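Asks: Following the hints, complete the assembly by docking chain B onto the known chain A.
Chains as they are written, first to last, in our numbering: chain A, 1 to 444; chain B, 1 to 73.
Quick caveat, the hints were computed from the structure, so don't treat them as lab data. Wrong hints could be hidden among the right ones.
According to the in silico footprint, chain B covers these stretches of chain A (three or more CB under 8 Å from chain B) [to be verified]:
| no. | stretch |
| --- | --- |
| 1 | 130–144 |
| 2 | 147–161 |
| 3 | 251–265 |
A quick note: this is a predicted structure, and the numbers were derived from the prediction, not measured. Yeah, the Cβ is synthetic: ideal placement off N, Cα and C, and Gly gets one too.
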Amino acid sequence: MVALVISLALFFDFTNGFHDTANAMATPIATGAIKPKTAVALAAVLNLLGAFLSTEVAKTVSGGIIKEGSDGIQITPEIIFAGLMGAILWNMITWLKGLPSSSSHALFGGLIGAAIAGIGIHSINFESLLQKVILPAVFAPIIAGGVAYLCTKLAYTLTSRHDPESGSKLTQKRGGFRTGQIFTSSLVALAHGTNDAQKTMGIITLVLISAGLQQPGSGPQVWVITTCALAIAIGTYSGGWRIIRTMGSGLTDVKPAQGFAAESSTASAILASSHLGFALSTTQVASGSVIGSGMGRRGTTVQWGTAGKIALGWLFTLPAAGIVGALTALLVKTGVVGVIIAAVAGTAAVTYMFLHSKKSRVGHHNAVEVEEAGQAVQFRRKRKTVAASRAKDEAISGIKDEQVVSDFKHEQVVSDFKHEQVVSDFKHEQAVSGIKGEQKDGLS
Amino acid sequence: MKWLELVQVAGATLIAAVTVVVLYSLGVRLTAIAGDVSERKPVWVRPLAVVCFALCGLAVMFGLYLIIPYFGK
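The following block holds chain B by itself, in its conformation from the complex:
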């Protein structure tokens, strides 16, 4: 039986999906804060949101890089 492979697939799925969702959610949340009408919002909120989205994109790219055999050699 290939239990090890099953666990591997489950683990990889979990890590990849959680990474993407957490980063993107943080991005969404920070964008929301940046959009609030309020005086005491820090300046770094919007850049941080952009960083989150960028990291999320990078994570996806890295995943694709791992998968496409062309790069894997």
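Here chain A stands alone, though its shape is the one from the complex:
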């Protein structure tokens, strides 16, 4: 049972990784600051590093939401198993839908549901639940969004250039922000590692303690830290392209300066919160930042429909994961057969979703449509320019990796259509000569 729970926990860590790649890397990919594959590799390495940097969060993981200890309820590996099941299934579903939802909420939801079904409603500390989960969920996007809004405004005000005599607009030259994005998004990835890998470490430690294999009150063991760090890094590298698509281009059209501002706010918020003890969800902070930065630049529209869908996903995360967790807990209660049924059903569901996802594949080649599609077109029309050679690399890698499914063809149609627009626009020349930031102006 302990081994089963640990492997399930590691799998949760993996889903957490690929679910949350988007938080760090969606905006730099959308603005073309980093190539998609490089971006996820970078994020993976930094997640790995981050997981080793600090294990503060791991020590307080379930954090008193479920009453533990001598006067409370003994939490068993079975409950944790059921909770993890709920968390993993919800993570898979939201990934399939491309919704950036909080992995930590899924985990909490699953554990709470499992505890209610397995032990009883009295096992939940509702005050702690309100304080640690509900309130942060409300404030995380607000804080991050507000700060990102302000930062975007600042960034644009400070770099907007006008001719002192004629008052006309000069070339804005904001390319520097694209380079800056590499650093800020790295910070976000690092913050994610220090934050989210810890939760799994905490869970595994909890299991080991409850099974009597480790002293109560001691921190995570070295092998636990290592395997968790690896699991989240591998998950990150496999990339949650569906969510990257939502975050990178579904919410708002991201420009380098906006991306820079959004990532700075995300990184600050996550690091500040995990350091000061008011835990905020990485995903909610990142989504809030992207929306905030979208509101901060004049002439940008925020897709409130998508934002609403994401918010709805957040609302459902806790109860949905909770219900799955509760059902699993009921199954597990029946004994060994129940555990086996639960494990098989869970595996089957995950496999089904994975196979289903193959039907409409979202990969690094089409995660963010505008940028990639635009570059693919440039490659065909204008070979000689620098931009074209860059596009060539990406187009080739895109085609190689993909056995041209209908999805990709659709992209080409769209991009061809968009290309016509671009051609009729003088900005095409700019785009081809390598000013990628301007390229999106031409398209939108």
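Replies: Chain B only, in chain A's frame:
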């Protein structure tokens, strides 16, 4: 309720993000000026841009220094 901690987190987020963004934006702006084709641009523009970027990097490093428990002892 942990309102104080909430305010702390919000404040720290605001200060950190604004510091980084302002310094970096100034750096970007000064680099842009330094790159202009114009006779009357002062000599100190490019070094100042570099200073801005460096300060920005320092601010980030300081933030990390505060956070990583290894240094905090």
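Asks: Take the hints in turn and mark each one as holding or not.
Replies: Structure-based check of all given hints:
no. : hint    : result
1   : 130–144 : holds (count 5)
2   : 147–161 : holds (count 9)
3   : 251–265 : holds (count 5)
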